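Student: Guided by the hints, dock chain G onto chain F, whose structure is given.
2 protein chains.
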Amino acid sequence: MTTSKEGVDWRSVCPISSALDVLGDKWTMLIIRDLVIHGTRTYSDFLESPEHISTNILALRLKLLTCLKLIERTNPDASARNNGFKLTESGAALRPVLEGLGRWAQTHLKEFHSDMVKIP
Amino acid sequence: MTTSKEGVDWRSVCPISSALDVLGDKWTMLIIRDLVIHGTRTYSDFLESPEHISTNILALRLKLLTCLKLIERTNPDASARNNGFKLTESGAALRPVLEGLGRWAQTHLKEFHSDMVKIP
Chain F
57 MTTSKEGVDW
67 RSVCPISSAL
77 DVLGDKWTML
87 IIRDLVIHGT
97 RTYSDFLESP
107 EHISTNILAL
117 RLKLLTCLKL
127 IERTNPDASA
137 RNNGFKLTES
147 GAALRPVLEG
157 LGRWAQTHLK
167 EFHSDMVKIP
Chain G
57 MTTSKEGVDW
67 RSVCPISSAL
77 DVLGDKWTML
87 IIRDLVIHGT
97 RTYSDFLESP
107 EHISTNILAL
117 RLKLLTCLKL
127 IERTNPDASA
137 RNNGFKLTES
147 GAALRPVLEG
157 LGRWAQTHLK
167 EFHSDMVKIP
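Keeping their order, the protein sequence lines are chains F and G.
With our numbering, the residue at position 48 of the first sequence is 104, and numbering never jumps.
With our numbering, the residue at position 84 of the second sequence is 140, and numbering never jumps.
Heads up, a few of these hints could be off.
One copy or two, either will do: identical chains are not told apart, so a pair holds if it fits within one copy or between any two.
As the list claims (entries may be wrong) - When the alpha-carbon atoms are kept at most 27 Å apart in a straight line, the in silico DSSO-like pairs for lysine-lysine are as follows:
{"id": "1", "residue 1": "K82", "residue 2": "K61"}
{"id": "2", "residue 1": "K119", "residue 2": "K142"}
{"id": "3", "residue 1": "K61", "residue 2": "K174"}
{"id": "4", "residue 1": "K166", "residue 2": "K82"}
If you're looking for bench data, these hints aren't it; they were derived computationally from the structure.
This structure is a prediction, so every number in the text was calculated from the model and none was measured.
Chain F extracted, bound-state conformation (with noise of 0.2 Å):
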């Protein structure tokens, strides 16, 4: 294992291993969800989505996420709490991933998941 500057431990030389150190958990493709349908989130908005992320998680994958390029800031001379995030061009291209999750979830996981709502 071998761990970078921004903080990240990689796991192995395997680029999907490598996706997953950056992505692998519950919260962080989540923030990129919102900001793929809305354009533009501030930290409180991001709070009212309904998985209720916690203020601590939030925080370190966003600075995360800056760090590595997959989100900036809309206004960087702003203050934290009210500043907007966007992605960049590498935050963008997990669009076709993202849809990816969604269908597969929507064919494999709906006997399990009945509430599953449909994306339009």
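Tutor: Okay, now just chain G, sitting in the frame of chain F:
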């Protein structure tokens, strides 16, 4: 939040969130990756992958993935330790998501993880 009889806590009705309720950790998609690459893997095979999954996490993930019908035993009558696992149609349908994660990492994480290999 609703909990299914399989033990999954569904945080919301969103399909992307639901996919992450099952797959959103650093290990589950690596089990799927190994089965996509090798077809069949025994419990011992999984332990030899370069990321070094721990035995307790492996056992928990294999149990959940079997309950949710993403994987199945190749010979249900053999002992647990020597038995092989393979992907079901549901698990195999994650291949495009895995490939998307790998391609994304190669393009967008290379600057942070210079040792990463190329997927052939």
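Student: With reference to the structure, classify each hint as holding or not holding.
Tutor: Do the hints match the structure? See the list:
1. K82 to K61: The answer is both: 23 Å in one copy and 20 Å across copies each meet 27 Å.
2. K119 to K142: Only inside one copy: K119 and K142 sit 13 Å apart there, 38 Å across copies, limit 27 Å.
3. K61 to K174: between (40 Å within a copy, 22 Å between copies)
4. K166 to K82: both (19 Å within a copy, 23 Å between copies)
In summary, the structure agrees with every hint in the numbered list given earlier.
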